[in-house]
Structure formats: structure tokens, C-alpha cells
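Asks: In case you want the letters, here they are:
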Amino acid sequence: MAKVTIDGQEMEFAEGTRLFDACAEARGEALPHFCYHPDLSVAGVCRLCQVEVEGMPKLTIACNTFVRDGMVVHTRNEKVRKAARQILEMHLVNHPVDCPICDQAGECGLQNQYMTYGLYESEVEQADKVNKAKAEVIGPHVILDKERCVLCSRCVRFCEEVTKTGEMGIFNRGDRAEIGVAPGTELANEYSLNTVDICPVGALTSRDFRFQKRVWMLKSTPGVCPGCATGCNVRIDHEAGRIFRLKPRRNDEVNGPWMCDRGRMVYKDVHDEDRLTTPLLRGEAVAWADVEEDLARLLAFGSVGLAVGSARATLEENFLLKRLAERLGAGEMSGGLRDADRGVGDDILQDADRAPNRRGLEILDLAEHDAVTLAGRIGNASGTILLLGGDPAAAPEVAAALQGKDVVFVGTHAGATAALAQVVLPGAAWAETAGVFVNRQGRLQDFPQAIARPDRARETWRILVERLAAAGEDTPPASLRTVRLLLTEAHGLPDLNSLPAVGSVPAAGGAD
Amino acid sequence: MSFEGLPKGSGNKERTFRESIYLWEVLRGLGVTIGHLVRNILHTDDMPTRQYPEEKHVYSDRFRGRHRLMKREDGAPRCVACQMCSTYCPADCIEIVAAEHPDPAIEKYPASFDIDLLRCVYCGLCEEACPCDAIRLDTGIFEIAADQREKFVVDKEFLLNNETDGTR
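First to last, the sequence lines map onto chains A and B.
The first sequence begins at -5 in this note's numbering and counts up one residue at a time.
The second sequence begins at 91 in this note's numbering and counts up one residue at a time.
For reference, chain A alone in the conformation it holds in the complex (with noise of 0.2 Å):
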């Protein structure tokens, strides 16, 4: 252990521990940075976090210097004040400004910093700075104003040792150094939109969210990605009913810092314009009253054959889905499609199973099926098939073997499974709904509701709850907090109302 005093405070830390994250403890707050990043190298390169170590002859920087015992350290007098500003002087130099165009206001390194530190008239006219190229596409997501960039190099170590592939450099020299991707070349890795979350500045932007909103009008929900098997813990940022961006948010043992491109965009599946908005009958949009007549019907004891969940759906939704399926008497139970929502993984964060919650249909023991034996138990099934999430009828076997069968789905888009079923009942999507997925490691991972869903649309749990009321439970189960009791007591599953917040989410049974 070393003893350090930091601002007259002394404090303990472990050998090896960077002065930078010690001050960051000492302070409450991190020291002015824009190049230092917990997951990636040291460059040492902005020069911001200089702090006063006594005994040695200059300011030295708090990212590159490891705490030693007996240092005495001051991070805010006159002198690490003045060096800041001066330092943050120079990388305004040739800045250009123009924060009202740039889509990185208010989240902005640069004008944190110049709140805290800078405030100062600017010495150089906007005319004698360098001006350098704007608006230069560099990639499918990623969008680079090199008049903006500070030269920190944080997506340049990015790209070298998180992806490993390298695409950008540092060009040039002096004040015409500038960032770019290597000629003929693009930034097109699969994780390239975390270059956009590490910039400090508003070089690095994403084309997605380009001009879309003002990040302080948006407000920020906790979520599970449901782009894969992973579940990259991340934010969905909205406004009015709108989901604009996903954002990583770190939990170490998951998805760390970052998350994949592909994952960033599964939000405009909630706002598709294939989205089920209203109950079908027979392909009619209808009132939800008005599917009552057919659903007693189709729903009625004895009269369901066979119940498929989906690795799509949340735990809880499975899990009301086999409890309807037992008390209305169906023979057969269904995980869903084994080969649905398969694609090809890397060894960074994206798995190829492309289902958020496959692990969970392993806790509630539903096995899946693949096409032709799901097929063949539709086949085989008498009455009424109940199908929930997902578009199973996009095999074309299910296609077949659904035809002519009396068919009940609870989806959110319209698709094969819509178009072939009697009664459609319009779901909430995965952003519109709180609830569990089991990631690949089976970790229980909860998140809660971020917007509103559309039109008629209703909670799928609810959906499920409602059919379990008119089958004839006693007391169904009024909120989601008793069906997860119930879901925890059945399954023997760790309190799901009371999941520890991210990076301790403790794993069901059988984790790796």
C-alpha cells in the first residue's frame, strides 16, 4: 500500500495504482482529461491532467505516473489551475467553434472543461485559424470533423487495440496534424460508433444521430440490448415516444465500455413501419373488444394444442406463456425456432446467437425446436396453435404446417406468423416494456420501461395475464412484480424485483 496525500487529504492506495484514478477517488471528480481512457493505453498526449507532485521539478501528468508512497500531491492550486487553462488554451487554438452545428453540445469534453478551466477571451481570430476539412464521411456509421479534433488519440488506440484493425493515424505535423483513416481505406470495422462515444470532442460523430436531436432534450432509460445472445448492457436515449441512440453503459462484466454497431441500430425495429399497432381478426384491424368472442373461443380449455414461446420474449413473458399453456391444458409446450436469429459472432462482444434470451427458455425448460420437427409438432397438434414473439412463420416448414390451423399470436410486427394467424394481438416491444433477459453467461439482467408503446398496443405480459384471468385463474398475477415473485418461486431464481444493479448481476444456475 502506498500513502499518498492528495489536497492535503492522505489516503491509501494499492502499488500500481495510476495517480490519475487516485486523484479522481480523492477529488469526487475526475481530473480535466481528454486523451486518458480507463480501457485503453496511455498517451499521455493532451497534457490536461497535470498536477504538482512535491519534489518533482515540473507539473507532471496524472494518467502516465503511478502513486508512490509518501507523495504529496495538490490538484487544485494556482499553479494546476493555470496549467489547465493554458493547456486547454492551446487546444481551442485552432477549434473551430462552432458549437451550435455540432452534435456533440452538451456532452462536450471541450466545453466542460472551458466551463471549468477556460473562460477566457480568445487571443486568435476566427480568421487566422487553420482551417482543416468538415463533414468528411469516413466510414457507414462515423462522420469526422478534423477541425474539431484535439489530436487526443483515443480512436486511433480504439481502432488498434480494442478492434485491432487499425483504420485511423494521426497525419501530418504541427498545426496540420489531423486525424483520418489510412488512404483507400474506411472505418468500417463492426464497433466503429465507439470511436464516436470515446471522442471527447465533436470530431468524431455518428451519421445515424446526425442533426436528429440535441442531446439535452433527450431523456436516458437503462436497458438490455436485445441485438444478441451478449446483453450489452446499454442507455436508450429518447424523447416523446422516440428512441434516437443507444449508448453503451458499462458494466465490466458484460459488455465493458463498449457495444457493437449492429447493436446500436436494433432500436429502429421498434419504430417500423411494420410495427403491429391494433388487434387483427382474420386480418381486420379491430378493437381489442372486439377479438374477445374469438379468443374465448380459440383460448378455451382443452382447445389449445400447442404454445411456443420465443428466445425474443422476456423471462417473463415465456414464463406467463407456460402458465397460460398449463391452465388452459395444452398438450405441448415449445421453446420456439432453434435456428431463428442465428448470425456470426467475433470474439468482442457479438455472439452469433442473435436472440437476447435464449438461456432464458433454458430456465423455464422449454426446448426449441428446429423448423421441421416444430413443423411436424404443429402438425401433430390438435386446436389452436398459441405463438408468441418473434415471426416463426418465416420458415417456410412453420409456414406450411401452420396453414389451415386455428392460429393465436402475440407479436409487435407484422410478418409471416401475422399475416397467417385468426387472432393477432398486438405486443409491446422490447424498449416499450419492462422486464428480464438471460444473457449467454445467464445473467439475469432487468431493465426497465423507456417509452411509450403505439396506438393499441399493450404490455405483452399484460396480454398474457389478461387470456390467464379469462381462463380462470383465481388471482392472476395484478403487476409485474407478482409475476416475477411467482417466476422466482417457481424456478427457484435469485429475487428478480430486487436484481443488484449493473456489474453485479448475479447469474442463474449453470453460469460459466
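Everything labelled a hint here was simulated from the structure, so no lab data went into it.
Beta carbons: idealized from backbone N, C-alpha and C, even for Gly.
Fair warning: there could be bad hints in the mix.
DEER-style ranges, computed between Cβ atoms [to be verified]:
1) V187/B <-> A8/A: 47 to 57 Å
2) A235/B <-> P134/A: 29 to 39 Å
3) A219/B <-> A121/A: 22 to 32 Å
4) A195/B <-> G277/A: 47 to 57 Å
5) A446/A <-> V187/B: 18 to 28 Å
6) E190/B <-> D333/A: 38 to 48 Å
7) L207/B <-> A446/A: 44 to 54 Å
8) A446/A <-> T139/B: 47 to 57 Å
9) L207/B <-> M211/A: 21 to 31 Å
10) A195/B <-> E180/A: 17 to 27 Å
Fit chain B to the supplied structure of chain A, relying on the hints for placement.
Replies: Just chain B now, kept in the frame of chain A:
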């Protein structure tokens, strides 16, 4: 509840003869009217009635009036759709949709810029917030009338051509 012992209302008061024929009171009222008429004819300058719309009220120089959007030299809106005004607006009456401008030197421009004049409180905070001096409340136009609520939501074209009325 009993009404006994309470004083009788004025309606039950006995009228005098002069009151009961009304004529005297009618003439007294006419006298007041004719008195004002004579006074106004003799002193027309003090008359509070204005001959609107021929004769318009002159407001103080500090009166703001309806908004206008400023133009660049080429006639395009000066606005860069930074949405400072709509952020600052206490009445939440400004709705801007930003879009990519083909000229990278301009980069961002308002595809639409709507102001709901019925919601606006004419406080002028939008022009104070504007970093580009693109919106001004200096037209002095106070005649804001329409026959449908929808017509009070004015768009970019309207605001761009909303010149001052020449009073300043």
C-alpha cells in the same frame, strides 16, 4: 330557516311618484350622454376612441412584435438549427427540424422552423439565446389575427418574409 325579523330588501321599498313614472330618470341619463357628446365634439383631441385600422396605435420603441428570421446575403436563412431558442423558450412554442446542408461550410440548416404564435409569450428570450442573430422580435407587428388556430403556427417561409412594418 325563518325570514321573520330580517330587514326587507330594496325591491320591496315603496316607490315615490317621480320614480314610478321613470321619465325623469330617463331624461337624467340622456343628459349624461349628451354631456359627453358635447364635450367630445368640443375637444376631439382628448377622445380615447381610435379610428382603427386607418389610425394605428403607436407602441413604445421597446415593443417587440412578431418574430422574423434573418437571411444570409444569398437569401437563405441565417439560422443553423442549433435549437438554442427552442431550448430556452419558456412557452415551448418553437419547433425546428434540422437537416444536412449540401454546403459543408454551412453544414446544418432548418428544414422546418415553426412558431406557434398562440403559445408564444413574446418574451424575446429566443433572440437573446440565438448565437447567429437569426431570429429577431423587432418587427413591431402586433396585428396577429387569423380565423383558425392552425393558421397561428407560422412556418419558415412566413418568418423569413416577415419584414418590419417600417415603423422602426
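Asks: Run through the hints listed earlier and report the numbers of any the structure violates, in increasing order.
Replies: As far as the earlier hints go, 2 and 7 are violated by this structure, in ascending order.
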